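Chains as they are written, first to last, in our numbering: chain A, 1 to 302; chain B, 1 to 302.
It is worth saying that the hints were derived from the structure and are not from the lab. Fair warning: this is a prediction, and the values are worked out from it, not measured in the lab. Be aware that one or more of the hints could be misleading.
Copies of one chain are not kept apart here, so a pair can be met inside one copy or by any two copies together.
[What the hints assert, rightly or not] Calculated cross-link-like contacts (lysine-lysine; reagent style DSSO-like; alpha-carbon spacing at most 30 Å):
#, residue 1, residue 2
1, Lys296, Lys193
2, Lys105, Lys301
3, Lys116, Lys273
4, Lys283, Lys193
5, Lys140, Lys20
6, Lys301, Lys116
7, Lys137, Lys116
8, Lys140, Lys116
9, Lys283, Lys137
10, Lys301, Lys140
11, Lys116, Lys296
12, Lys76, Lys137
13, Lys105, Lys193
14, Lys105, Lys55
15, Lys301, Lys273
16, Lys283, Lys140
Number of protein chains: 2
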Amino acid sequence: MSLLVVGSVAFDALESPYGKVDRTLGGAATYFSVAASFFTPVNLVGIVGDDFTEKDAAIFRGRHIDVEGLERVPGKSFFWAGKYSENLNERVTLATELNVFADFKPRLPERYRASKYVFLANIAPDLQRDVLQQVTKRPKIAALDTMNYWIERSNADLRETLRHVDILMINDIETRQLSNEHNLLRAARHIFKMGPSTLIVKRGEYGAMMVDARGVFCVPAFPLEEPHDPTGAGDCFAGGFMGYLASAGNRGDASLRRAMVYGSVLGSFCVEKFGLDRLRTLKRSEIHGRARHFAKLTQFKL
Amino acid sequence: MSLLVVGSVAFDALESPYGKVDRTLGGAATYFSVAASFFTPVNLVGIVGDDFTEKDAAIFRGRHIDVEGLERVPGKSFFWAGKYSENLNERVTLATELNVFADFKPRLPERYRASKYVFLANIAPDLQRDVLQQVTKRPKIAALDTMNYWIERSNADLRETLRHVDILMINDIETRQLSNEHNLLRAARHIFKMGPSTLIVKRGEYGAMMVDARGVFCVPAFPLEEPHDPTGAGDCFAGGFMGYLASAGNRGDASLRRAMVYGSVLGSFCVEKFGLDRLRTLKRSEIHGRARHFAKLTQFKL
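When you get a sec, could you build the whole thing from the sequences and use the hints?
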């Protein structure tokens with residue numbers, strides 16, 4: 001089943017104790033698409049400037065990522081620069097230049113409008129809602145990411161959008177901020193009243209937690225000795241999760257659990273190298289191998 | 001197989017948003033013993049003052065906890081007072097009065113000396129070593145807990161003691177401090193060179209992680225809507241872990257994993273009420289029920 005993603009396509013400058021790059025392709029929709037494309041075809045809606053070249057687009061080609069929805073306009077693409085602390089657990093944003101992204105009005109090409117699986121990456125909540133309205137039939141699963149900025153400044157808009165969303169996928173700080181509740185189970189109950197029936201809390205080095213009416217499912221982060229760059233890990237998690245779900249074609253409990261594992265698998269590969277580098281060479285066999293490794297990491301018999 | 005624990009038996013004053021108690025029985029060895037006693041007989045070595053009454057001792061009776069090794073001397077028992085923040089994720093120590101604990105010299109009754117399973121709760125590393133030396137034959141498993149105070153002030157002593165220990169069971173901050181290494185896998189490799197072949201990292205609301213030569217095993221914390229008091233949770237984890245292992249009588253991978261689960265089960269019950277209150281009424285059937293719930297929380301099929 002094809003999967004629609006709307007979000008940022010950007011250039012990033014990254015610095016971590018393991019190295020430095022001045023300009024590398026990034027953005028939530030980019031990481032998401034590449035991760036999801038290991039499971040299912042992806043339709044990408046975003047915007048780039050005329051600094052985005054055919055060479056940059058190479059990452060999408062030959063991967064079942066359709067970029068008809070990637071609008072190209074005069075000007076510069078979204079640019080983000082960040083620097084990570086020695087242990088990669090903190091980061092400072094050095095620059096955020098919205099550029100052409102500031103006037104982004106997502107427009108779905110006709111053939112994207114029947115999408116059954118939709119991921120609304122972290123952009124303004126009114127734009128996320130716009131996208132959902134362009135989808136002709138209610139999707140099987142609409143999932144949404146957001147951030148503190150929108151929770152604080154566009155709360156009403158965000159609440160309105162959440163009414164039409166099945167899965168909310170945010171980090172623990174955002175969960176607590178949105179729900180005004182520290183305890184994550186109580187936070188989930190608040191959030192269920194806002195619309196989503198499933199909450200996925202991304203907890204960085206502690207893994208991820210899924211809460212729905214059936215209960216809770218936890219998956220740890222894959223232990224790595226030398227993570228290089230956490231940029232995009234959350235978006236790769238979302239891409240692995242939604243990509244797997246779209247390929248499974250159902251939202252039963254067993255599928256959602258597997259989706260959590262494949263999301264974690266893609267997130268873990270992402271941080272192994274800088275930017276998209278690890279994903280460029282990643283093989284399906286490695287994905288399945290690591291999923292089995294996740295089983296070893298968590299399984300026990302009573 | 002009988003299990004030996006040495007550590008503090010204390011009175012605690014506790015305050016959390018859920019209530020307040022001025023004086024309740026606590027101490028690492030107390031929590032450990034009660035938790036472990038659901039699985040195996042426990043021999044307790046500790047010291048109390050003459051303020052410790054038969055009523056206080058009631059918690060040990062009828063539980064297969066032998067207190068011949070609980071020395072009673074004139075003076076006051078160890079006293080600790082602490083207050084938790086609104087979300088229970090921070091605590092302030094309001095008072096630490098060592099009292100009779102200041103001159104504690106653990107002495108093992110003759111029949112404790114053949115112990116096959118030994119847990120050295122958080123006390124001075126030279127006293128922990130003393131205890132090991134009083135055990136006549138090398139135990140099947142010796143496990144140790146410690147804290148920042150000893151890592152900083154008795155580092156050489158702690159290192160000497162660690163040479164004789166199989167399992168080190170500490171929290172993530174202590175792991176990083178002891179190993180001088182932020183990454184927990186690299187930290188584990190440093191710690192293996194110090195003696196222990198297994199590292200168990202207690203991560204509070206994020207659960208626990210076990211690392212040994214075979215790899216990593218993670219177990220989440222049990223999600224609770226209303227934890228009341230985190231005091232003793234780590235000691236109950238240790239008690240459930242060692243109690244189960246002693247009852248299993250082997251240290252194979254499957255047993256260690258189950259021990260991690262039973263440790264987490266006991267830790268989760270502990271925080272449900274104040275002090276030892278939840279453990280006082282806890283039933284074996286509840287323990288096994290929650291262990292099955294941990295399976296639901298973590299298991300998936302690829």
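Evaluated hints:
1. Lys296 with Lys193: between (36 Å within a copy, 25 Å between copies)
2. Lys105 with Lys301: neither (51 Å within a copy, 41 Å between copies)
3. Lys116 with Lys273: Neither. Shortest intra-copy (32 Å) and inter-copy (46 Å) distances fail the 30 Å Cα cut-off.
4. Lys283 with Lys193: So Lys283 and Lys193 fail the 30 Å test inside a copy (40 Å) and across (35 Å) alike.
5. Lys140 with Lys20: For Lys140 and Lys20, neither the intra-copy (41 Å) nor the inter-copy (49 Å) Cα distance is at most 30 Å.
6. Lys301 with Lys116: between (37 Å within a copy, 25 Å between copies)
7. Lys137 with Lys116: within (8 Å within a copy, 66 Å between copies)
8. Lys140 with Lys116: Within one copy only: 5 Å inside, 57 Å across.
9. Lys283 with Lys137: neither (34 Å within a copy, 52 Å between copies)
10. Lys301 with Lys140: between (35 Å within a copy, 23 Å between copies)
11. Lys116 with Lys296: The answer is between: 29 Å across copies meets 30 Å, while 33 Å in one copy does not.
12. Lys76 with Lys137: For Lys76 and Lys137, the Cα distance exceeds 30 Å both inside one copy (34 Å) and across copies (73 Å).
13. Lys105 with Lys193: For Lys105 and Lys193, the Cα distance is within 30 Å only inside one copy (29 Å; across copies 58 Å).
14. Lys105 with Lys55: Answer is within: at 25 Å inside a copy they meet the 30 Å cutoff, but 72 Å across does not.
15. Lys301 with Lys273: For Lys301 and Lys273, only the inter-copy Cα distance (29 Å) is at most 30 Å; the intra-copy one is 35 Å.
16. Lys283 with Lys140: within (28 Å within a copy, 44 Å between copies)
Hint compliance for this structure: hints 2, 3, 4, 5, 9 and 12 are not met, and every other hint is.
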